[in-house]
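Enquirer: For chain A, the structure is supplied; the task is to place chain B on it using the hints.
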Amino acid sequence: MKSSLPRSPSQRRFAALRHWRAYLVMALMSVPFVFPFWWMISSSVKGLNDIFAFPPPLFPANPNWSNFVDVFSYQPFARQYANSLFISTVVTIGVMLIASLSGYAYARISFRGRNGFFLLVLCALMIPAEVTIIPNFRTMTAFDWVNTHIPLIIIPIFGAGSVFGTFMMRQFFLQLPREIEESGMLDGLNRFGIFVRIALPLARPALGALAVLTFLSSWNAYLEPLLYVNDLPLFTLPLALANFVDAYGTPLWHLQLAATTLAVVPVLLVYVFAQRQIIDSFMQTGVKG
Amino acid sequence: MNSAIPPRRRGLTWAQKDSVWGYAFVTPQLVGFTVFVLIPIVSVFLFSMESRNLLSGKVSFIGLDNYATMFGKDPLFWKTIGNTLVFSAGLVPFNIALALLLANLLARALAGITFFRAVFFAPVITASVAWAIVWQFLLQGERGPINQFLAVLGLNGPDWLRTEGWAMAAVIFSRVIKTVGLNTVIFLAALKNIPSELVEAAQIDGANRAQVFRKITLPLLAPTTMLVTVITVIGSLQVFDHIVLLTQGGPANSTFVLVYYIYFQAFKVFETGYASSLAVVLFVIALTLTLVQWALRRRFVYNEV
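Chains A and B, in that order, give the protein sequences.
Residues in the first sequence are numbered consecutively from 1, following this note's numbering.
Residues in the second sequence are numbered consecutively from 1001, following this note's numbering.
Here chain B is said to cover these stretches of chain A; the calculated rule only asks that three of the stretch's residues, wherever they fall, bring their Cβ under 8 Å from a Cβ of chain B:
1) 219-229
2) 264-272
Quick partial rundown of chain A residues pointing at chain B, CB under 8 Å, derived from the structure:
3) Tyr-104
4) Ser-110
5) Val-163
6) Thr-166
Selected chain B positions facing chain A (in silico; Cβ < 8 Å):
7) Val-1035
8) Leu-1102
9) Leu-1237
Calculated directly from the structure, the hints in this document are not laboratory data.
No residue lacks a Cβ here, since even glycine has one placed at the ideal position from N, Cα and C.
Chain A on its own, in the form it takes in the complex:
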């Protein structure tokens, strides 16, 4: 195995070349992962007529930027974009608040019934949220909250979002050394003070991961908005994207792909700069169970 320990940069480059087969396999495997993004972006600046031209240019010679303008006149896309930003932000803050409180309590505070309550939450972790859509829809109808953003905010905050968040935050607080908090007790802090001044600041990485997961799951949600929201100005992004169709339901591809590009590219840009943190956040979902 000596030869696989390159010492100088030139040797390392040589080693990289020696692994050309691994690179070739990975490059070939990347095709179905990259192709949809490339096609989405390059088609977003094509006209409806040359969107099916073949062979396709790598990037259109005469980019049709007007698609990005038409997207906003076809439906209230800016408003819909803002709706998604607003809802996802509120859901994220709500889940962080509620889940850090309850996750901390289940990890640290002893009180009667703690294990029973936590077991309930743990069981719900593996139950698909789709099981509860009908009863929740009836609750929302009873409160006259259908066709508002309220269901899209409170159901994730109190349902699946905080169930997973509670579990994740509990895991984090469990591995925090108790001694750090004991100094707070000696200083005369009560539990809330210990939580706010000592535990919460240390939980920043876990809270960040929870924020990433919660924001994206709200930003990408489709089923709940489909059920609860009917009016165009109330649409969220996923609903809006699926709605660039003509009167017969045939997709207006140039607009649909331009809108999809506008929805996906900002997320991808954030991802490019925070790849490490985002992937690590998602790996938290692998520790459950």
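Expert: Relative to the frame of chain A, chain B by itself:
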């Protein structure tokens, strides 16, 4: 629980006050959980014993009639269960095999490896609606980009989303590419936990790459594989966005899967009572899978890395 001396104030000890804080901390979550998860799970069982139309509002208690209809008189239910099985049986092994392969490729310390990891993971953070829209475009019949490429190779691609069999395959494929990155990074983390001495020792004994994978890597990955499998199976039961956007259950109902059928009965046909009994089926399947996982976990506990 703590070594600190609890100062007595107004009759309540620190520990007693602490448990009050405990209730205060869990109350917001617990109240919301009761209203939006616990009561709904119980009431979905009750609703499943009603005949209820969402539009007319007509309600009557019909006992287990919905289940009788489901098992005895609804061919679309059995078709849906069959499709869901086909979907999971196609998606799960494909997803896990691909994730294992990609994780093994990414586990090597090669220059530029983080770039490839980022590429394989990118669809995971992309909205499934956006992903499905792009695939709907790519998979079109005669004018779709995929078929145009195939034509260059002299192949005549089918109308993927409107041909029975191909439609299911296309949904599975696009969904695997969308989600495999998550399983890949979970496997990758587990691979990095395998002590390198074990692999090196086997190599010194003359084991080749395939043997090392089969005799060392795979057994040590077993707990992770099991967890990933259960998560992937439950995830595969939940597929919805891809069905709505790519096939709407067609052609010839060949892609009607369980969650789509619940949605269809409740919000297209407005039979919420019947839809609730379908939701109970989903609940029972998910619960069974979770219990199986917990039971199996005991057997694997000594292997945990």
